[in-house]
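> Please take these sequences and the hints and turn them into a complete structure.
Going by our numbering, the sequence shown opens with residue 182, and the numbers climb by one from there.
Heads up, a few of these hints could be off.
To be verified - Simulated crosslink set (BS3-like; lysine-lysine; CA at most 25 Å straight-line):
hint, residue 1, residue 2
1, Lys461, Lys404
2, Lys335, Lys461
3, Lys501, Lys310
Claimed, not checked - Derived DEER-like restraints, expressed as beta-carbon distance ranges:
hint, residue 1, residue 2, range
4, Asp314, Gln250, 29 to 35 Å
5, Ile227, Asp441, 16 to 22 Å
6, Glu447, Gln244, 22 to 28 Å
7, Val491, Ala235, 47 to 53 Å
8, Ser318, Lys501, 20 to 26 Å
9, Gly369, Gly340, 21 to 27 Å
10, Gly364, Gly279, 20 to 26 Å
11, Arg484, Gly369, 22 to 28 Å
12, Asp441, Thr488, 26 to 32 Å
Calculated from the structure, these hints are not laboratory results. If you're wondering where the values come from, they're calculated on a predicted model, not measured in any experiment. The beta-carbon is built from N, C-alpha and C at its ideal position, and this holds for glycine as well.
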Amino acid sequence: MNLLRRGALIALASLGFSGLAQAQTITLRLHQFLPPQAAIPAKAIIPWARKIEAESGGRIKIQDFHAMQMGGSPPQLFDQARDGVADITWTVLGYTPGRFNKSEVFELPFMCSGGPEKCSRAFHEYVEKNAADEFKSVKLLAAHTHGPGLFHTKQPVAGLESLRGMKIRGGSRIINNMLVKLGATPVGMPVPAVTEALSKGVIDGATVPWEVAPSIKLPELVKNHTSFAGKEGLFTQTFALVMNRASYDKLPADLKKVIDNNSGIELAAAFGRTMDEADKVGLAMAQKAGNNLVALDVAETQRWRRTASVVESDWVAEVKGKGIDGAKLAAEARALVAKHNK
Numbered sequence: 182m183n184l185l186r187r188g189a190l191i192a193l194a195s196l197g198f199s200g201l202a203q204a205q206t207i208t209l210r211l212h213q214f215l216p217p218q219a220a221i222p223a224k225a226i227i228p229w230a231r232k233i234e235a236e237s238g239g240r241i242k243i244q245d246f247h248a249m250q251m252g253g254s255p256p257q258l259f260d261q262a263r264d265g266v267a268d269i270t271w272t273v274l275g276y277t278p279g280r281f282n283k284s285e286v287f288e289l290p291f292m293c294s295g296g297p298e299k300c301s302r303a304f305h306e307y308v309e310k311n312a313a314d315e316f317k318s319v320k321l322l323a324a325h326t327h328g329p330g331l332f333h334t335k336q337p338v339a340g341l342e343s344l345r346g347m348k349i350r351g352g353s354r355i356i357n358n359m360l361v362k363l364g365a366t367p368v369g370m371p372v373p374a375v376t377e378a379l380s381k382g383v384i385d386g387a388t389v390p391w392e393v394a395p396s397i398k399l400p401e402l403v404k405n406h407t408s409f410a411g412k413e414g415l416f417t418q419t420f421a422l423v424m425n426r427a428s429y430d431k432l433p434a435d436l437k438k439v440i441d442n443n444s445g446i447e448l449a450a451a452f453g454r455t456m457d458e459a460d461k462v463g464l465a466m467a468q469k470a471g472n473n474l475v476a477l478d479v480a481e482t483q484r485w486r487r488t489a490s491v492v493e494s495d496w497v498a499e500v501k502g503k504g505i506d507g508a509k510l511a512a513e514a515r516a517l518v519a520k521h522n523k
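This is the structure we're talking about:
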C-alpha cells in the first residue's frame with residue numbers, strides 16, 4: 182500500500198512538473214507578408230525563429246504566419262506588432278508613408294553602396310542613433326535594407342528618355358517621387374501585388390531588387406532588367422523586424438537575453454547577407470531565361486543621379502516642416518554607409 186501510494190505521489194509530482202514546464206512555454210506569433218519560400222522568410226526569418234527556440238531550451242515557441250495569414254494588409258504589420266495582434270512582425274517601413282520620416286533617408290536615390298550587408302549595418306546603426314523614437318512603441322529587433330534597386334520592365338529602359346510615360350510600381354512615397362522626377366508614372370503597391378498588376382497590364386514594370394524576382398515570377402513576366410554602373414542601386418527600401426513591447430517585457434530575464442542575443446546590428450547584417458545571396462539567384466534566373474540585361478554606363482548613371490537628386494531636396498524641405506534637419510540626417514547616413522564600406 183505504501184509502495185502504491187508512493188508510486189502515485191511520484192506520478193502526480195511528475196505530472197505537476199510536466200505541467201509547470203508546459204506553463205512556462207511562451208508562444209510568440211510571427212507575421213509577415215511574403216510566402217515562406219521567398220528568400221527572407223526561408224533563409225533569414227525562419228532560421229532566426231528556430232534559433233530562438235533552440236537557445237531558449239524550448240521555452241519559447243514561435244508560430245510562423247506567412248503571406249498575411251493572420252489577416253490585414255502589409256502596411257498594417259507594424260501596428261499589428263505594436264498593438265499585440267501579432268508578437269513579432271517583419272515589414273517594409275515605406276509601406277506606411279510619412280510615418281518613419283527619419284528612417285526614410287535611406288530610401289533616397291543612390292544612398293546605399295557596397296551591397297545590402299554593409300548597408301544594413303549602416304541603416305541599423307543609423308536608426309539606433311537618429312531614429313530610435315520612431316520605434317519606441319515596439320521592441321526593435323533589426324532594421325535592414327535590400328540590395329541595389331533596379332528596373333524590371335516589359336519594354337527596355339536603355340536610358341532616361343525610355344522610362345518616360347511608363348507605369349512603374351514604386352514601393353514607397355520616396356521612390357514614387359523619384360519615379361515622377363525621372364518621367365515615369367508611379368503606381369504604389371506592396372510586392373505581393375506586382376505579379377497580378379503586371380499580368381493584367383496595370384503596370385509596365387516594377388522597381389524591386391533581384392532578390393524578390395523569383396517569388397513574384399518577374400523573369401517570366403518581363404524580359405528587360407536595367408541596372409546602374411558600379412552596382413549601385415537607384416533606390417533602397419528599408420525593413421524592420423519588430424516585437425510587441427509587452428510580449429518582450431513579460432519574458433523572464435533569461436529569455437529576454439535570448440532575444441537580445443539574437444537582435445541588433447548582427448541580425449541586420451544577416452538579413453542583408455540573405456538579400457545579397459538572393460540577388461544572385463534572381464539574376465541567374467533572368468540570365469537562364471535569356472532576358473535582356475541592360476547595364477547603364479557611368480555617364481548615363483550620372484544623368485539619372487543628377488535628375489533624381491531633386492528628390493533629396495524635396496525630402497529635406499518637407500521634413501524641415503516637421504522640425505527635422507534632413508540635410509544633417511542625409512550627411513549622417515552617408516557617413517555611416519562610408520564607415521561600413523571601409
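> If a hint holds in the structure, say so; if it doesn't, say that too.
Now for the hints, and whether the structure bears them out:
{"no.": "1", "hint": "Lys461 with Lys404", "result": "holds (17 Å)"}
{"no.": "2", "hint": "Lys335 with Lys461", "result": "holds (21 Å)"}
{"no.": "3", "hint": "Lys501 with Lys310", "result": "holds (19 Å)"}
{"no.": "4", "hint": "Asp314 with Gln250: 29 to 35 Å", "result": "holds (31 Å)"}
{"no.": "5", "hint": "Ile227 with Asp441: 16 to 22 Å", "result": "holds (20 Å)"}
{"no.": "6", "hint": "Glu447 with Gln244: 22 to 28 Å", "result": "holds (24 Å)"}
{"no.": "7", "hint": "Val491 with Ala235: 47 to 53 Å", "result": "holds (50 Å)"}
{"no.": "8", "hint": "Ser318 with Lys501: 20 to 26 Å", "result": "holds (25 Å)"}
{"no.": "9", "hint": "Gly369 with Gly340: 21 to 27 Å", "result": "holds (25 Å)"}
{"no.": "10", "hint": "Gly364 with Gly279: 20 to 26 Å", "result": "holds (24 Å)"}
{"no.": "11", "hint": "Arg484 with Gly369: 22 to 28 Å", "result": "holds (25 Å)"}
{"no.": "12", "hint": "Asp441 with Thr488: 26 to 32 Å", "result": "violated (44 Å)"}
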